[in-house]
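K.L.:
Build the complex: two chains, separate frames, hints provided.
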Amino acid sequence: KAGVTQTPRYLIKTRGQQVTLSCSPISGHRSVSWYQQTPGQGLQFLFEYFSETQRNKGNFPGRFSGRQFSNSRSEMNVSTLELGDSALYLCASSLAGGSAEAFFGQGTRLTVV
Amino acid sequence: DQQVKQNSPSLSVQEGRISILNCDYTNSMFDYFLWYKKYPAEGPTFLISISSIKDKNEDGRFTVFLNKSAKHLSLHIVPSQPGDSAVYFCAASLPSGNMLTFGGGTRLMVKP
Numbered sequence: 001k002a003g004v005t006q007t008p009r010y011l012i013k014t015r016g017q018q019v020t021l022s023c024s025p026i027s028g029h030r031s032v033s034w035y036q037q038t039p040g041q042g043l044q045f046l047f048e049y050f051s052e053t054q055r056n057k058g059n060f061p062g063r064f065s066g067r068q069f070s071n072s073r074s075e076m077n078v079s080t081l082e083l084g085d086s087a088l089y090l091c092a093s094s095l096a097g098g099s100a101e102a103f104f105g106q107g108t109r110l111t112v113v
Numbered sequence: 001d002q003q004v005k006q007n008s009p010s011l012s013v014q015e016g017r018i019s020i021l022n023c024d025y026t027n028s029m030f031d032y033f034l035w036y037k038k039y040p041a042e043g044p045t046f047l048i049s050i051s052s053i054k055d056k057n058e059d060g061r062f063t064v065f066l067n068k069s070a071k072h073l074s075l076h077i078v079p080s081q082p083g084d085s086a087v088y089f090c091a092a093s094l095p096s097g098n099m100l101t102f103g104g105g106t107r108l109m110v111k112p
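From first to last, the protein sequence lines stand for chains U and H.
All residue numbers in the first sequence are consecutive under this note's numbering, ending with 113.
All residue numbers in the second sequence are consecutive under this note's numbering, ending with 112.
Chain H with its partners taken away, still in its complex shape (with noise of 0.2 Å):
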């Protein structure tokens, strides 16, 4: 039981525009969500990070929002840069430690 999912295994966008990578989950308990990018054969990057009791976090050009209703999060790159292509993965954490729960990831292809 796939309990945060990454619907889209793929995202090609054009240079300058925005980018929108979505992750769902299932366990409401989830109160920490976090996004990370990856290259092959390397640990994954930390980008940004919420907790439940917000419903929006801002850092630079990324900006995560969270729809806890909806158990719903994205993540929005503007303006995407050719660096940004890479996978991405959303990963949720329960209140009681950090153990991370990862989406399938995301393949997100910045075009020049």
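So here's chain U without its partners, still in its complex pose (with noise of 0.2 Å):
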């Protein structure tokens, strides 16, 4: 059974680009959240996506969205690129509706320049 697939691995952007970002999660699985992971801030959520509807929402500006498919891949956007943004992007993907186990893709090294 593949894992959660993530593309690309690695991104360059200048700032005031945008950036989308790529999630394939295990088949059969309907739920994709998406992460960020800095050195100062930690492992720190974004958004959840069950059901091609947005169900839960972290605390980040509005140039963070997202979207998910029919298939339930998910793809995320993060728009006018600032220094800041760089960072582990990381994709979950679970069973079903709330409390179950998520299991983490490779992750996306974005580097903002």
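Careful: at least some of the hints might be erroneous.
What the hints assert, rightly or not - Heads up, simulated BS3-like pairs for lysine-lysine below, C-alpha to C-alpha not over 27 Å straight-line:
(1) U:Lys13 x H:Lys56
(2) H:Lys56 x U:Lys57
(3) H:Lys111 x H:Lys5
(4) H:Lys68 x H:Lys37
(5) H:Lys111 x U:Lys57
(6) H:Lys111 x H:Lys71
(7) H:Lys54 x H:Lys37
(8) U:Lys57 x U:Lys13
(9) H:Lys68 x H:Lys5
To be verified - Where chain U lies over chain H, by a calculated footprint (3+ residues, C-beta under 8 Å):
(10) 71-78
(11) 95-102
Unchecked claim - Chain U stretches covered by chain H per the calculated footprint, using a threshold of three residues with CB under 8 Å from any CB of chain H:
(12) 33-43
(13) 61-75
(14) 104-110
Note that these hints are calculated values from the structure, not bench results.
Beta carbons are placed, not taken as given, at the ideal position from N, Cα and C, and that holds for glycine.
P.N.:
Laid out in structure tokens, this is it:
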């Protein structure tokens, strides 16, 4: 059974640009969550999608957005990139809604220069 | 306001001994707790979880204990192996969905 796949693995962008990251969850999983990991803030929740609907949202500015498709694949978008957006972005998939184990992908390392 | 805290940033243990990693939380609405192991530049790997209706869950060398009255959980690894060396995160979730709140992590070093 394939795990959570995130693409790309590494990305370098310039300030002011926008970026789209992709996540394919484990087959059969309908919940996809996104997290940001930085040395200063640790692992922080961005948002969760379940059945194509955003169900939870973390405390991030509106420049961070996401969506989920009917096949449960998800994308997150960051617009008007800032240097502080440099981080490891992690996607996690879960089987169902509420209190389920979340399985993480390898992450996308975004560097903003 | 950190709702989940791991007060020990690092822990060093001899191979074969027990490793005990601790985690405290403040939100009594959390109903599910998880432990993850993480290597640099990789995603966290799920280790073990526990529901708030239980006080212990065991899986091989890993045991998680939950003390709801103290809002405290711990992960025991017995026996510790050098391959266990990594950063360990505890996480908690609310009943409303799969939004995990993570602690800051504890770096475990198991010496041969």
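K.L.:
Now tell me, hint by hint, if it's right for this structure.
P.N.:
Now for the hints, and whether the structure bears them out:
| no. | hint | in the structure |
| --- | --- | --- |
| 1 | U:Lys13 x H:Lys56 | violated (46 Å) |
| 2 | H:Lys56 x U:Lys57 | violated (31 Å) |
| 3 | H:Lys111 x H:Lys5 | holds (25 Å) |
| 4 | H:Lys68 x H:Lys37 | holds (23 Å) |
| 5 | H:Lys111 x U:Lys57 | violated (41 Å) |
| 6 | H:Lys111 x H:Lys71 | violated (31 Å) |
| 7 | H:Lys54 x H:Lys37 | holds (22 Å) |
| 8 | U:Lys57 x U:Lys13 | holds (25 Å) |
| 9 | H:Lys68 x H:Lys5 | holds (15 Å) |
| 10 | 71-78 | violated (count 0) |
| 11 | 95-102 | holds (count 8) |
| 12 | 33-43 | holds (count 4) |
| 13 | 61-75 | violated (count 0) |
| 14 | 104-110 | holds (count 5) |
Checked against the numbered hints given earlier, this structure breaks hints 1, 2, 5, 6, 10, 13; the rest are met.
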